[in-house]
Each structure stands twice: as C-alpha cells, then as structure tokens.
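Chain A is fixed; fit chain B onto it per the hints.
Protein chains: 2
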Amino acid sequence: MLTTGGCPKTMLSIRDALEALEGKWKLLILFSLSAGPKRFRQIGKEVTGITDKALSKELKSLEMNRLIKREVHDTFPPTVEYSITAHGMSLEKVMEELHYWGLAHRKTIFEK
Amino acid sequence: MLTTGGCPKTMLSIRDALEALEGKWKLLILFSLSAGPKRFRQIGKEVTGITDKALSKELKSLEMNRLIKREVHDTFPPTVEYSITAHGMSLEKVMEELHYWGLAHRKTIFEK
Numbered sequence: 020m021l022t023t024g025g026c027p028k029t030m031l032s033i034r035d036a037l038e039a040l041e042g043k044w045k046l047l048i049l050f051s052l053s054a055g056p057k058r059f060r061q062i063g064k065e066v067t068g069i070t071d072k073a074l075s076k077e078l079k080s081l082e083m084n085r086l087i088k089r090e091v092h093d094t095f096p097p098t099v100e101y102s103i104t105a106h107g108m109s110l111e112k113v114m115e116e117l118h119y120w121g122l123a124h125r126k127t128i129f130e131k
Numbered sequence: 020m021l022t023t024g025g026c027p028k029t030m031l032s033i034r035d036a037l038e039a040l041e042g043k044w045k046l047l048i049l050f051s052l053s054a055g056p057k058r059f060r061q062i063g064k065e066v067t068g069i070t071d072k073a074l075s076k077e078l079k080s081l082e083m084n085r086l087i088k089r090e091v092h093d094t095f096p097p098t099v100e101y102s103i104t105a106h107g108m109s110l111e112k113v114m115e116e117l118h119y120w121g122l123a124h125r126k127t128i129f130e131k
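Line by line, the protein sequences are chains A and B.
Per my numbering, the very first residue in the first sequence carries number 20; after that it's consecutive.
Per my numbering, the very first residue in the second sequence carries number 20; after that it's consecutive.
So here's chain A without its partners, still in its complex pose:
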C-alpha cells in the first residue's frame, strides 16, 4: 500500500485532506456541484437527508477551504448560487475512487 506504507509524512497529508473533508456531507455537496452551479434548495434536495442547518454550516466550511464559491446575483429578489472552484474540482479523483470503492464495499458487506 503506497510505497510509503505507514510513513508519518504521508499520514500528515492524509490528515490534512480528511480535516478539510470531514463528515459525511462535504464530498456529497461537492459532487452535487460538480454537475454545475446550484442554489441552496437544489443542493439540499440532491443531498438527501441533510438539514438546512447542516447544509448552511457545510457550505461555509467549504467556502473557507476554497472548495466552493458563493455568488450573489443582482436579480429581484437577489439570488445566491454556489459553484465548485478549480480546487474543489481537483477532488475529482478522490470522488472517483470513493465511488468505485463504495460499489465494491456494498458487495462485500451486503452480499456475503
């Protein structure tokens, strides 16, 4: 596993990543936004089970970590849209690997 199996320095960068992505919602929100910019309600509808309070908190944390951008449009009434940044998009491979692993995990756990 990795050429650096157990290496403390590699563990540090994995820890950095996990801290930025902590919890079960952030990657799901990013995945939802990876299809295009969305409004608060749309995200909440796609990420099934998240409460408004949690979504609001997660969006703030994602913005702070420069993974998403919040834009206020000058419409009447004003509308707010969230979009994924290039840095957020750089999680593509992580999400892809999690997707494949999630499929395999379901098989291992539920079919045995």
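The set of hints was computed from the structure by calculation and includes no laboratory data.
All the given hints hold, so there is nothing to weed out.
Since the list gives no way to pick out one identical chain from another, each pair is judged satisfied if it fits inside one copy or across any two copies.
Derived EDC-like pairs: lysine to aspartate or glutamate, alpha-carbon spacing no greater than 20 Å straight-line:
| hint | residue 1 | residue 2 |
| --- | --- | --- |
| 1 | Lys112 | Glu38 |
| 2 | Lys28 | Glu111 |
| 3 | Lys57 | Asp71 |
| 4 | Lys126 | Asp35 |
| 5 | Lys112 | Asp35 |
| 6 | Lys126 | Glu111 |
| 7 | Lys43 | Glu116 |
| 8 | Lys126 | Glu41 |
Leaving out everything else, chain B in the frame of chain A:
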C-alpha cells in the same frame, strides 16, 4: 468531473463509502496498519491525537466493516494484534489520492 457528474446513483456509492469511513480517524488507522499488523498501543502512538476510547470504538467499527481483522495470540499474557484485510487494502487508491490532494490543499490554503 466523473462522466456521471451529479448522478444520483454515483452519489449513493460515494455515500456508502463515506459512511464506512466516516470521521477523521478510520483512514489514518488503516494507513498505519497498511505497513503491517500492529498492537493497540502501537496504533495509538502512530495516529497522533486519538484517545484510547476513540481508538477502541474505531477498531470495532473497522472490524465490523471487514476492513481490519483482530487476532488474539496464545501467548502469556495473551496478545492482541490488528491487521488490515484485503478489503481494507482495496482502499489503497483512495488513500493515495487523499495523500496527493492533501499536499495540494496545504499549498492552496497556507501559501496563498
């Protein structure tokens, strides 16, 4: 992002993965075990900051998800060792991508 950007079915498998790996400790414990079987104390030492209570809880959850194996050796006194399973090892690519992304994230956040 993915060819399936935002696809509900892909979101389900990412959700499965995140549920099995929830929290900031599980992947770090697996990474520590990826270098070889270890005893409780050794893992606790390598995964800096984890309490005994949290480590004990996480090990149980990892075992339930078939990601690690707990073995009791017939020594005097008996010793317990934890090792990563093949299913746990299948997280190699996820950990690798998180490692690379963690490095990039540190640069983005701390150097700008």
